[in-house]
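*Asks:* Listed here are the chains, written in short residue letters.
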Amino acid sequence: MTATSAAALSARTESAFATRRLIAPLWVGGLLILLAFLVLYPLSMLVFGALSDSNPVVDGFGTFRPALTHFKEVLVNENVHLAFFNALVACGGGTALAVLIGLFFSWIVVRTNTPFRRFIAGASMIPLFVPPLVAGVAWGILGSPKTGLLNIVLKWMNIDFRFDFYSMWGLIVVFGIYYAPYVYMFTSSALRNMDPSLEEASEVSGASAFTTLFTVTFPLIAPAILAGTLLSFVVMLGIYGVPAALGAPANISVLTTYIFKLTAWSPPLYNTAAAVAILLMIVTAILVWAQQRVLSGKSFATVAGKAFRPRSLNLGPWRWFTFGLALVYLFVVVVLPTLALVIAAFRRFLFFKDFDAIFDSKAYGLWHFQAVFDNPLTMLSIWNTLKVGVITAVLGGILAFAIGYTVNRTNVKGRRAIDLLATIPVAIPGLVIGVAYLWAWIGLPGGLYGTIWILALAFVARFMPDTVKALSTSFLQIHKELEEAAWISGRGILSTIFTIVLPLARPGVVASMTLLFVLAVRELGSSLFLYTSDSTVMAVLLLDYYEGGNTGKTAAFSLVQTAILGGLLGITSWLSRGAAQSAARTG
Amino acid sequence: MMKRRSMMAGIVGAAATWTLPAHAADEDFGGKDLIAAADKEGALTYYTANFAEVEQEVIKAFNKRFPKIKISMVRAPGGQLITRIKTEAAAGKLAADVVNHSDRGLMLELQDLFLDYTPPNAADYRPDALVHPKFWPGVTLGWCIAYNTQLVKNAPKTWMDLTKDEYKGKQIGQVVGPSGGTTWTRIMFERQVLGEDYWKKQAALGVTLYPSGAPTSDSLVRGEVSIAPLLYNIIYTKIVEGAPAEAIFAPEGVPIVPYADGIPKTSKSPNAAKLFMNWRLSKEGQAFQIEKLGNITSMKEPPMLPKGWDPKVIKVWVPEFKQFESLRDKWMDDWNKTYGYRQ
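Protein chains in written order, with the working numbering: chain A, 1 to 587; chain B, 588 to 930.
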């Protein structure tokens with residue numbers, strides 16, 4: 001390089017940095033204002049509610065009289081203590097199981113030569129499509145103590161053992177198997193993007209494959225494991241459907257079922273529910289802080305500026321063992337509950353006098369599907385749900401990319417505040433934040449209330465932490481040197497993002513948008529307050545079937561929902577795979 | 588609480604198989620002028636805490652009589668619906684033309700939002716089912732004893748039978764007291780009519796508790812429990828469809844839950860709203876709900892009786908409204924302690 005061209009390059013770089021210095025505060029300010037509207041404003045409604053007895057829209061802020069009554073009530077109530085303890089046990093146990101399963105699956109799918117890996121990868125994501133309420137119902141059908149299908153089979157086999165999923169163990173197992181895909185999504189993406197030369201170096205130095213796995217591979221994807229662990233734990237903390245269906249018959253109360261009771265009480269105790277929700281937020285804040293403490297000061301960049309292919313470990317004959325384990329898991333987590341749902345959806349009534357009654361063909365038919373599709377709300381809700389899902393995925397994906405990039409790839413002032421604001425909604429249970437959105441946004445001008453756009457806005461806000469965290473993992477793994485190389489070559493910020501960062505992060509972006517779509521389709525809590533007769537969505541209708549006590553229609557409608565989600569996710573999985581291959585080539 | 592959950596299997600098509608009684612006159616529904624004005628408005632929005640599926644059948648039956656009025660429905664569980672009504676009203680965006688709600692106490696608090704309204708057949712209704720002249724029981728539900736016919740050899744015949752030793756060991760399922768206003772009506776009846784020690788005797792048998800009527804009826808049909816007190820409409824349509832279940836009305840009394848329905852002052856289609864209310868409260872509307880949906884009625888002279896209801900033996904029991912409000916917290920605490928339910 002000549003002195004002239006070096007000087008020109010230096011001038012270009014200096015000019016680029018000057019532009020950045022000018023734009024950065026505007027950019028950060030814009031993001032902060034947006035997040036304040038999406039998160040802080042509804043949150044302030046929640047705090048207002050927790051600290052007073054009034055509804056801010058009905059009574060106005062003028063009536064606000066600060067009081068700690070609700071917090072005091074909650075803190076001294078021993079039933080809240082018990083619900084809190086139960087939630088920690090159920091979600092802690094569930095998370096431990098989810099991490100074990102998720103990590104194992106991502107390893108065998110991405111890093112081994114286990115047969116039929118693509119099939120295993122696709123099938124192991126199925127639990128993610130299933131609404132928690134439906135999962136709870138399905139496992140109730142399978143594992144209720146007297147008439148659960150599994151127990152009918154055991155009785156037929158003259159085995160004395162009986163399953164009882166109406167128990168704490170039932171909750172832990174169902175949480176664990178249904179939230180394993182969260183961990184899988186994070187860790188498989190990290191494993192796929194990891195430079196295998198590090199593992200090769202370990203093995204060349206004499207470490208066994210097993211030692212390498214625990215001393216090199218897993219520590220390198222620690223951010224993904226921690227992100228998956230944290231996310232699955234806090235998501236479990238906010239789940240209502242599973243503990244409602246499985247915990248309630250055993251009188252096991254967790255925080256969400258407790259909050260639901262408060263919101264359903266006569267009169268509904270939203271203010272007390274808001275106080276419980278704020279306690280939940282404090283717990284989550286501690287977890288997020290702990291995660292950042294653990295990760296601070298460590299570099300996890302494993303995608304560098306050279307080409308590689310994900311390394312595949314040859315398991316030899318053991319590959320059939322891992323394949324067998326995968327099949328057992330898939331049987332338990334996919335086949336059994338799906339079978340339960342199929343039986344419930346096609347069978348008129350779920351009473352089985354004995355084992356043979358399961359095979360009585362006269363008891364099966366299309367009644368529940370006919371009833372579901374006779375209902376004019378069904379098609380309307382499907383159409384609305386798809387529209388809201390796509391809008392949420394696109395808007396939320398763009399916003400999450402902007403936040404993720406700002407937080408993880410820049411050093412601008414205010415990025416920590418952005419990160420904090422984007423993380424807050426994860427801790428707030430849907431039912432409570434639902435009413436906060438209603439309080440916050442009903443008065444907005446422009447007729448937003450009553451349209452599907454207000455639902456999409458609520459979903460974007462509510463699921464921002466999930467999307468941003470999923471994307472952050474991808475950002476953390478892209479080495480800074482790639483962007484620096486682009487800047488030195490004269491590219492601007494936007495050009496660098498579109499030609500370097502976005503292609504490399506594309507698997508993560510597609511995965512995040514997919515996750516957002518799935519979460520939006522399933523979301524009930526905030527929908528319940530924001531939908532109107534023209535903007536009803538599937539989750540609301542599903543709750544209606546469930547609350548109507550109609551397991552058959554609930555099962556039929558959830559199969560319809562699962563089929564729609566499965567079809568759409570098949571397409572995005574295909575896109576994501578294409579993206580991963582493209583990213584590998586680009587890298 | 589107004590959050591009442593019920594089971595409505597197989598009701599789709601109830602309106603389709605129902606034929607309009609020929610003898611009804613326009614005057615029964617408010618007269619020709621009202622019908623013409625309602626037809627001109629052509630639409631209304633209906634807020635309900637009942638199940639969308641059930642209320643759709645009501646809408647279909649109404650549209651058989653009045654096909655020109657399109658009804659859009661918003662359904663939410665009771666507590667959430669009240670919060671929504673309050674918030675929308677405060678923001679000047681209450682879209683409802685008719686509100687249908689099971690919690691009379693909560694609706695009473697909102698009476699300022701509602702129009703003065705009286706149906707043409709107001710005199711036909713029991714005074715004890717009314718809490719305010721603006722609110723009318725378009726829906727009335729009643730408690731029965733349901734059992735699984737495949738599992739129970741000696742079916743219970745009275746409420747007191749549910750304290751017998753032969754039903755011990757988690758055979759009985761119960762909806763928890765704090766589940767809502769409908770359940771509170773039942774447990775108030777149990778203590779006031781069946782005796783102070785009724786709960787204690789029953790709890791001693793070992794009872795499976797459920798958060799609402801829906802999972803209770805589901806468990807009954809599946810055989811997870813054999814016997815359960817249930818709102819009749821929860822189990823009625825399943826019985827009609829052939830589920831292995833039966834229901835009886837006990838001679839000690841049938842606790843009933845009259846709803847409180849009204850028309851908001853902000854209604855944009857007040858004539859259509861009145862016509863819809865009039866029809867639901869008419870003999871025709873009440874008969875439809877009894878025959879097809881398993882409801883009871885708050886009319887002094889029911890237009891028809893549910894199956895197995897002998898008016899010489901079976902009497903309805905309506906809670907005294909002041910006691911319904913004043914005893915609730917204390918008695919609910921007692922119930923929770925007796926049944927070991929952690930609130």
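Calculated from the structure, these hints are not laboratory results. Only a predicted model underlies this, so the values are computations on that prediction, with no experimental measurement involved. For glycine and all other residues, C-beta sits at the position ideal for the given N, C-alpha and C. Any given hint might turn out to be false.
[What the hints assert, rightly or not] Sample of chain A residues facing chain B (criterion: CB under 10 Å; computed from the structure):
(1) 196
(2) 371
(3) 414
(4) 417
(5) 420
(6) 442
(7) 485
(8) 532
(9) 540
(10) 545
(11) 550
(12) 553
*Asks:* So, for every hint listed, does it hold in this structure?
*Replies:* Going through the hints against the structure:
1. 196: Not OK, violated: residue 196 (chain A) not within 10 Å of chain B, min 51 Å.
2. 371: holds (4 Å)
3. 414: violated (33 Å)
4. 417: violated (30 Å)
5. 420: violated (29 Å)
6. 442: holds (5 Å)
7. 485: violated (54 Å)
8. 532: Since the shortest Cβ distance to chain B is 6 Å, the answer is holds.
9. 540: It holds, given that the least Cβ distance between residue 540 (chain A) and chain B is near 8 Å, below 10 Å.
10. 545: Hint holds; residue 545 (chain A) Cβ to chain B Cβ min 7 Å, cut 10 Å.
11. 550: holds (5 Å)
12. 553: holds (7 Å)
Consistency with the previously given hints fails for numbers 1, 3, 4, 5, 7, ordered from lowest to highest.
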